[in-house]
Amino acid sequence: MGSNMAECHPVAFRWPMKAKLNGAKLIHVDPRFTRTSAVADLHVPIRAGSDIAFLGGLINYVINSKRWNSDPFFKEFAVNYTNAATIITDDFKDTEDLEGVFSGLVKFSEPPFWPYNGLEGRYDNATWQYKRTPKPAARVEITVTTAATGSTTKDLIAKRAGPPFDDLVRSLKPGPAEKDPTLENPHCVFQILKRHFARYTPEMVEQVCGSPKEKFIKVAEMLLENSGRDRTSAFAYAVAWTQHTYGVQMISCCALLQLLLGNIGRPGAGVMALRGHAAIQGSTDVPTLYHSIHGYLNAPSALRPHETLRDYMAAETNPTSYYGNLPKFLVSYLKSMYGAAATAENDFGYDWHPKILGDHSHIASFAAMADGKVKGMCCVGQNPATSLNGGATRQALRQLDWLVVKDNWLTETATHWYLAPEVKSGEVKIADIKTEIFFFPSTQIAEYDGSFTNTQRMLQWHSFAAKAPGDCRTDSWFYHNLAKRLKKAYAGSKLPRDQGWNNVSWDFDPDAGEEALYPGEISARKVLREINGYQTADPKQHLKGFAELKDDGSTTCASWIYCGCYPAWDQNLTARREPDPPGVPGAHLKWGWAWPANRRVMYNRASADLKGNPWSERKRWIWWDPTFVNPPDPKTGKAVPRGKWVGYDVPDFGATKAPDAQPKPDGIGLDALSGTQPFIMRADGKGWLFVPAGLVDGPLPTHYEPHESPVQNPLYKQQTSPVHKVWAPGKPYNKLAVVGDPKFPYVISTYRLTEHYLAGAMSRWLPWLAELQPELFIELGKDLAKEKGIRNLDWVVVSSPRGHIRAKALVTDRIGVMHIAGKRIHHVGMPWHWGWMGLSTGDVVNDLTAWVGDPNVSIHEGKAFVCNVEKA
Amino acid sequence: MSDTFFSGAPHWTWFIILYFFVGGIAGGACFLAAVLDWFGGPEDRPVVRTGYNVAAVGAILSGALLTIDLGQPLRFWHMLFQSANFPAIMFKGWSPISFGAWAILVFGFFSVLSALGGMAEEGRLQNPALRAVGGAVRGGSGLAKVVGGVAGLLGVFIAGYTGVLLSVTNRPIWADSPWLGALFVASGASTGAAALILLGLRRGASEQSLARVSAFDTKALVVELLVLAIFIGSLGSVNRVWLSFWGLVLLVGVVWLGILAPLRLHLQRRPVASAAKLVLLGGFLLRLATIFASEGVDRYRVAAGM
Amino acid sequence: MAEAMGFFTDTTVCIGCKACEVACKEWNQLPAENGGIRELSGDSYDNTRRLDGIHWRHVRFIEQFKGPYDGRWLMMSDVCKHCVQAGCLEVCPTGAIIRTEFDTVVIQSDVCNGCRACIAACPFGVIDINPVSGTAQKCTLCYDRLKVGLEPACSKACPTDSIQFGTITELRTRAEKRADQLKAQGVKAALYGADSDGPLGGLNSFYLLVDEPEVYGLPRKPQLPTRNLAKSAGFSVLSAGVLGVLALVGLRKRRMDQVGGSGGSN
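Chains as they are written, first to last, in the numbering used here: chain X, 1 to 872; chain C, 1 to 306; chain H, 1 to 266.
Source of the hints: derived by calculation from the structure; they are not laboratory data. No residue lacks a Cβ here, since even glycine has one placed at the ideal position from N, Cα and C. Do not take every clue at face value.
Calculated pairs, SDA-like style, for lysine to any residue (alpha carbon to alpha carbon, straight line, at most 25 Å) [what the hints assert, rightly or not]:
id	chain 1	residue 1	chain 2	residue 2
1	X	Lys18	H	Glu151
2	H	Lys147	C	Ser83
3	H	Lys221	C	Gly236
4	X	Lys213	H	Gly67
5	X	Lys590	H	Pro159
6	H	Lys231	C	Arg240
7	X	Lys18	H	Gly186
Restraint ranges, calculated between C-beta atoms of paired labels, are given here [claimed, not checked]:
id	chain 1	residue 1	chain 2	residue 2	range
8	C	Leu243	H	Lys231	22 to 28 Å
9	X	Glu214	H	Arg99	52 to 58 Å
10	X	Asp41	C	Leu243	42 to 48 Å
11	H	Asp211	C	Ser234	27 to 33 Å
12	H	Pro31	X	Leu303	55 to 61 Å
13	H	Pro31	X	Asp570	44 to 50 Å
Sample of chain X residues facing chain H (criterion: CB under 7 Å; computed from the structure) [said to hold, decoys possible]:
id	residue
14	Arg14
15	Trp768
16	Ala770
17	Gly781
18	Asn792
With these hints in hand, go ahead and build the complete structure from the sequences.
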């Protein structure tokens with residue numbers, strides 16, 4: 001669901017097809033009958049944007065099914081490995097109680113200094129919390145030797161306690177959460193979700209999704225049949241689950257279903273995020289995103305209590321999970337940022353680190369740009385002139401003083417000032433555009449060294465295959481040399497704000513003896529070594545894993561999750577290419593390197609039962625070997641009791657932590673969790689069915705309509721997510737359709753084709769790919785074509801409130817009419833790869849999309865909106 | 001549905017159509033000339049010489065047309081000799097295009113000799129070398145008869161093998177009937193006769209000669225019509241390809257204008273020239289229609305009804 | 001001669017990604033049509049449309065639907081069949097088309113003179129002129145790669161192993177196993193060209209299909225072009241004979257009449 005894997009991840013689709021040959025069943029739930037559907041055992045049509053209704057229907061069906069209630073596996077998994085039994089505060093109100101919203105909804109007012117958060121409402125999640133018994137006051141009993149014993153967090157911050165920061169972390173520990181293992185308590189998570197999803201009946205699914213009831217039930221039965229001790233089912237999704245105003249909740253809903261089915265942390269299970277090709281995964285791990293710093297730590301923010309290093313630690317550290325080690329991650333990161341200048345005295349340079357002011361995501365930045373709030377932009381490997389409300393985006397670009405475009409070709413973004421449709425039509429005059437545009441020719445991926453991180457979190461090193469022509473340079477060359485120039489420019493400045501630049505550590509020039517690939521090029525190996533980390537005192541002593549990280553500055557590590565990929569100066573594990581031999585389960589631990597710690601299946605403790613035995617022989621992955629003789633602790637020399645987690649994968653758990661281990665009363669980090677809590681990154685070590693914190697739009701997934709929808713929400717009075725984002729609301733360049741707008745009666749989804757890549761810079765200029773899908777088209781059903789007198793290959797005009805474009809009609813039965821909430825609704829779809837440059841050209845489909853998006857991650861809603869189609 | 005609909009069109013168009021037409025005329029004319037050479041009287045000599053001339057010019061023209069039609073014209077000799085193993089002969093007895101290439105060469109050789117012999121007979125050769133060659137095979141001599149006879153037999157072959165060539169493919173129409181070669185033989189005979197009539201008039205052919213050739217043409221046309229009917233009949237369901245412009249050409253151009261109209265003229269003993277012109281037109285249109293009707297079939301789509 | 005090598009194309013796992021087409025063009029340096037600037041075909045996702053001199057691989061897309069979302073979408077990567085009895089090789093007048101040591105059929109570009117007999121001879125419509133070379137071209141089963149022990153570019157690139165490369169013996173065993181597996185699942189699966197006693201002595205590039213061959217653009221019973229030779233030649237001789245007799249009798253008889261009538265004045 002939410003993915004067209006065969007078309008958009010054809011290489012990875014090799015494995016589902018192999019599984020199919022081995023007897024696996026493939027189900028594809030999609031608004032279109034695609035190349036994925038063509039090879040699936042079952043295709044179920046679904047209206048774009050209604051996936052939560054479908055998944056919610058599955059949840060409701062599953063927990064009321066005979067199989068789920070009769071096979072003890074499911075309850076055993078749910079009670080012990082999820083928070084099903086946890087009791088939520090009495091004040092919590094569900095969507096059942098509040099007509100589609102949760103308790104805690106408050107109005108949001110945009111701050112004057114950065115009014116681009118796009119929010120009208122937000123949730124205060126105080127009522128979503130676990131019901132807890134008070135903290136044990138017995139602190140005196142605990143043997144701790146620091147002066148801070150018994151201090152409150154506030155005291156510790158005021159006293160500038162640490163390093164070490166253990167006491168600060170310990171002071172954050174809450175009291176234990178109340179639970180009801182019988183799952184009977186009406187306030188326990190299971191009962192709440194049971195009530196929450198009760199209205200998601202098969203009939204309702206048919207109404208909301210347009211999916212035939214029989215097909216829906218078939219999916220549910222197939223999933224149930226294929227889940228349990230002996231079998232597991234996996235979901236794969238891609239951007240068709242993210243590009244919504246509630247995309248995160250769709251994925252969350254799937255995770256919920258999978259936890260209920262016992263399909264997490266086990267081989268052949270899980271929720272597979274099919275991320276963009278090459279290094280999209282890498283770009284969030286070592287982020288090019290505004291809201292996080294390396295390793296999924298939140299970016300220091302001016303809007304949160306992040307004033308000082310300790311404030312940040314107090315606000316962001318989760319004391320009872322592996323994230324209890326956050327101070328170690330953070331300090332090692334700051335050491336990487338500021339090198340020798342980062343000392344315990346100056347809080348490792350934390351104050352030099354930039355802080356964010358709000359939503360600086362893509363659309364927010366362009367909304368600000370349109371208001372003239374952004375002077376310049378470096379556009380590297382991106383083609384925004386053809387993306388997300390293209391008309392508004394280009395209007396924003398025209399407000400810039402300068403624009404750097406670094407790409408393989410003169411893209412639409414580089415040429416919008418004289419070739420954009422509004423310029424060609426005379427609506428915008430070239431003379432009025434003041435932007436100065438600089439173009440830098442770019443190398444292609446095969447022309448430099450580096451690592452990719454694929455969607456399985458696996459880093460794979462690659463070496464350049466050929467040198468780039470002419471002056472083409474890498475992106476790292478560009479930023480490396482820009483940084484060097486900026487450092488030079490700020491050198492000597494005494495202004496406090498410039499000290500970050502003056503102190504930033506920037507040493508990526510190749511060492512003596514290492515040849516630069518291009519003049520001025522960085523050493524890619526040096527960058528990966530910096531990311532892996534080393535002993536601060538001796539950079540040649542690499543860190544072997546994040547367990548070695550320290551919070552006192554003695555270790556330097558840019559990204560804790562990558563720590564261990566380069567465990568010795570000359571040992572680049574990402575360059576390994578040794579597959580497992582045929583006939584074994586195939587964790588392929590010697591192929592590349594996967595974070596964290598080369599684990600291939602995360603939370604894999606869940607692949608064994610409470611006692612540490614595999615759930616079944618067939619689904620064996622890691623298990624507890626009580627007879628394993630451990631060597632003595634290398635640090636203390638003390639003997640270690642027998643027993644170890646062993647198996648095919650690297651255990652995602654304390655390697656020698658026995659299944660019967662109990663949490664240490666005053667322990668932090670993993671010491672706060674028992675031997676049966678597999679979800680070591682969660683505060684309670686459990687998979688979250690109910691999400692008390694971390695999501696801004698609700699603790700349970702709830703079906704809302706897309707911002708633009710032809711129907712009223714059939715499930716709730718609340719039409720859309722009450723906290724979704726609308727940027728530039730009311731602006732003429734971001735007009736939005738009202739519910740059931742008769743001018744835009746059809747549901748449209750945008751998507752990609754195998755033959756093209758994103759905005760086309762890597763495909764539309766390439767003759768071999770351009771000829772395969774030479775022109776923009778719209779896929780529309782035969783019924784709609786008949787109604788509108790459109791024949792195959794006719795030109796049609798497709799319009800939304802933001803604009804209209806021309807495309808050729810591809811009339812097909814692979815998409816068509818659906819019956820939604822009693823209405824007959826036509827579904828159409830368009831691939832969005834085109835623009836006016838290159839060999840294969842066409843109108844910009846994103847001229848139709850709107851600046852509305854998800855409140856968690858600020859992604860736009862490009863997968864479900866409304867349009868009109870007329871014969872040209 | 002015929003399996004021939006899944007093959008690809010070889011783009012044999014104008015040059016090849018012209019070649020088939022010219023080759024047919026040359027072959028037919030040469031054959032008739034040879035028959036008259038052997039069995040005719042002295043009053044037939046102009047027609048005999050005309051026939052050899054038509055054959056010689058036609059053979060040379062045919063070679064030229066075939067060569068310029070090649071994708072790599074300079075490699076025309078690859079059809080005769082093994083390019084990697086020159087001068088080893090390149091010959092495949094089962095491939096009409098292979099033995100056809102040789103046939104044209106040999107036909108050209110003999111027909112040019114015969115034509116030279118004819119010219120020598122008329123005393124029109126000035127060049128000493130040509131005069132020597134022509135003199136050796138002076139028209140009317142025994143050797144000339146042998147040479148002319150060989151050329152005539154090869155002429156029949158040239159006229160007919162093109163149809164066989166088309167049949168030895170996997171294309172619609174062509175490979176769907178074994179009668180195309182026979183049809184082209186008949187058409188070659190009729191157009192050859194027509195060419196002799198038209199040119200013979202100008203070359204001082206006797207009325208008797210022309211009357212005989214014309215009478216033969218009538219019979220040839222009847223044979224052609226008969227073979228055409230058998231050919232169409234043998235196509236069976238493939239005939240739906242004729243539901244096109246080319247079907248109209250076949251019906252109006254070939255059957256009506258090219259066969260029935262001249263037959264009528266012949267029977268009415270109207271001026272032979274107009275009938276001959278119509279026969280030539282019909283012969284040309286026959287090639288045009290059979291080639292283009294097949295070339296135009298867009299592969300499997302027609303067959304699959306897509 | 002090395003063992004016979006070829007392709008087995010399992011169309012049931014083809015995802016229509018066209019990686020085979022691109023890999024083929026890249027390895028063989030074939031140009032895009034009109035430099036890549038083309039019009040949409042409107043025929044499903046098939047913009048390649050055919051096999052020809054610059055498209056040696058062609059993925060077909062066959063939409064079979066009874067109504068919206070109700071049907072199936074067949075895909076198949078088509079290529080030269082490397083027939084054991086090859087029509088193209090049979091008629092080629094220059095000897096450019098040869099059978100290699102791998103039992104594949106290859107057109108030698110430096111020998112071919114572009115007469116195009118092979119195009120019409122191929123029952124599958126595989127061959128056409130490459131406008132760059134002016135000669136007939138088609139899949140060589142990557143003869144140059146085979147020579148150095150590499151597998152062909154297309155099968156190497158195929159992500160789902162729809163295109164499988166190997167020895168014919170092994171591929172046939174594999175194909176029969178797969179066909180049996182599908183049949184056991186109730187799928188109407190059939191092998192096309194896997195039978196050495198079948199048409200053209202078997203195809204060294206054979207297919208697993210789930211519908212009639214015609215649906216995939218394949219002839220039900222492909223034949224050699226020379227099947228028509230004897231008949232066609234025979235009828236031609238017959239026709240020539242009839243006309244010859246008519247000519248001899250007609251032209252000669254007049255002469256006899258004349259001789260009789262005028263007393264041999266010549």
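A quick look at each hint next to the structure:
| no. | hint | verdict |
| --- | --- | --- |
| 1 | Lys18(X) x Glu151(H) | holds, 20 Å |
| 2 | Lys147(H) x Ser83(C) | holds, 23 Å |
| 3 | Lys221(H) x Gly236(C) | holds, 18 Å |
| 4 | Lys213(X) x Gly67(H) | holds, 18 Å |
| 5 | Lys590(X) x Pro159(H) | holds, 22 Å |
| 6 | Lys231(H) x Arg240(C) | holds, 23 Å |
| 7 | Lys18(X) x Gly186(H) | holds, 19 Å |
| 8 | Leu243(C) x Lys231(H): 22 to 28 Å | holds, 26 Å |
| 9 | Glu214(X) x Arg99(H): 52 to 58 Å | holds, 55 Å |
| 10 | Asp41(X) x Leu243(C): 42 to 48 Å | holds, 43 Å |
| 11 | Asp211(H) x Ser234(C): 27 to 33 Å | holds, 30 Å |
| 12 | Pro31(H) x Leu303(X): 55 to 61 Å | holds, 57 Å |
| 13 | Pro31(H) x Asp570(X): 44 to 50 Å | holds, 45 Å |
| 14 | Arg14 | holds, 5 Å |
| 15 | Trp768 | holds, 5 Å |
| 16 | Ala770 | holds, 4 Å |
| 17 | Gly781 | holds, 5 Å |
| 18 | Asn792 | holds, 5 Å |
Against the hints set out earlier in the document, no violation occurs for any number.
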